[in-house]
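Assemble chain E onto chain Y, guided by the hints.
Protein chains in written order, with the working numbering: chain Y, 1 to 126; chain E, 1001 to 1160.
Rather than coming from a laboratory, the hints here were simulated on the basis of the structure.
Certain hints may be false.
If we take Cβ atoms under 8 angstroms as the criterion, some of the chain Y residues that face chain E in the derived model are [claimed, not checked]:
| no. | residue |
| --- | --- |
| 1 | P38 |
| 2 | M41 |
| 3 | L43 |
Computed list of chain Y residues with no C-beta within reach of chain E, every gap over 12 angstroms [stated by the list, open to error]:
| no. | residue |
| --- | --- |
| 4 | T31 |
| 5 | Y39 |
| 6 | V46 |
| 7 | R61 |
| 8 | Q63 |
| 9 | E92 |
| 10 | Q93 |
Glycine included, each C-beta is placed from N, C-alpha and C at the ideal position.
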Amino acid sequence: MATDTLTRVFSALADPTRRDIVARLAEGDATVGQLAGPYRMTLQAVYKHLRVLEDAGLVSRPQGPQPRPVRLETEVLTQMEIWIERYRRRAEQRYRRLDALLATMSNIDETGGTDDASDPRDDHRG
Amino acid sequence: MPATPETTIEADPKLPIIRITREFAATPGQLFRAHTDPALFARWVGPGAASTRIDHWDARTGGSWRYIATVGGTEHAFRGCFHEVRPDRIVQTFTYEGEPDGVALETLWFEDLGGGRSRLRSQSLADSFEGRDAWLASGMESGVNEGYAKLQRMVDDGAV
Chain Y
1 MATDTLTRVF
11 SALADPTRRD
21 IVARLAEGDA
31 TVGQLAGPYR
41 MTLQAVYKHL
51 RVLEDAGLVS
61 RPQGPQPRPV
71 RLETEVLTQM
81 EIWIERYRRR
91 AEQRYRRLDA
101 LLATMSNIDE
111 TGGTDDASDP
121 RDDHRG
Chain E
1001 MPATPETTIE
1011 ADPKLPIIRI
1021 TREFAATPGQ
1031 LFRAHTDPAL
1041 FARWVGPGAA
1051 STRIDHWDAR
1061 TGGSWRYIAT
1071 VGGTEHAFRG
1081 CFHEVRPDRI
1091 VQTFTYEGEP
1101 DGVALETLWF
1111 EDLGGGRSRL
1121 RSQSLADSFE
1131 GRDAWLASGM
1141 ESGVNEGYAK
1151 LQRMVDDGAV
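Next up, chain Y with everything else stripped away, as it sits in the complex (with noise of 0.2 angstroms):
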């Protein structure tokens, strides 16, 4: 997944409406007049917030009989998801060296010693 892709789900999913448009996707299909009942806005303009969506990837409205059901695109969630999860593991792995050094300082902690000194330190990381 691109760069400039990511950034199209996020900027997408930066507007309150497209997102709880997204967020009603999730419980199943919907058309697009479903989908504008309870905005205060007409169907010109949810057809401007899908079009943002669909360019996204996070929509899709399946060729069929009128009116076509809007759907959710998980796939496109699921690897933005991956990339975050990228990241995190490497802040995972960031961290766990600072235990392993915090681990070192454990007895010359300059605070003065008002922690428990016998505290055995969690180390030992699965």
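Just chain E now, kept in the frame of chain Y:
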């Protein structure tokens, strides 16, 4: 002692922000020192296969910093300013010199959980969604670079 919960991360959909939270078996004071003492900082800041050389370090309110990470023979320099340094919070700017126009505003909080434990919360505000997403994407490149570095070591050790 209960296992330390793993890092949690959140990419804000409304703002170009990444939030990371992690607990440590250490006091806030120790966590603070690991972030402000250059010799200590260089020992844990990543990425994993990198060796970090501190070029400049003045961890005081109004001070600045610059370090160079070498990954697989390639140098990557990072620099920024310490906007505010105090025991419970550090606010600093962060620029990767490979993308010199980009600058993120980072805030770190050191929270005392008692019993010799603390929570580190960090928030990075990028200057655009594009910048933030490039950060998220950089994990991929780093993974590739780390792979190269590992390969280089294997070559150096005669294992390949």
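Checked hints:
no.	hint	verdict
1	P38	violated, 20 angstroms
2	M41	violated, 20 angstroms
3	L43	violated, 25 angstroms
4	T31	holds, 25 angstroms
5	Y39	holds, 19 angstroms
6	V46	holds, 20 angstroms
7	R61	holds, 23 angstroms
8	Q63	holds, 30 angstroms
9	E92	violated, 4 angstroms
10	Q93	violated, 5 angstroms
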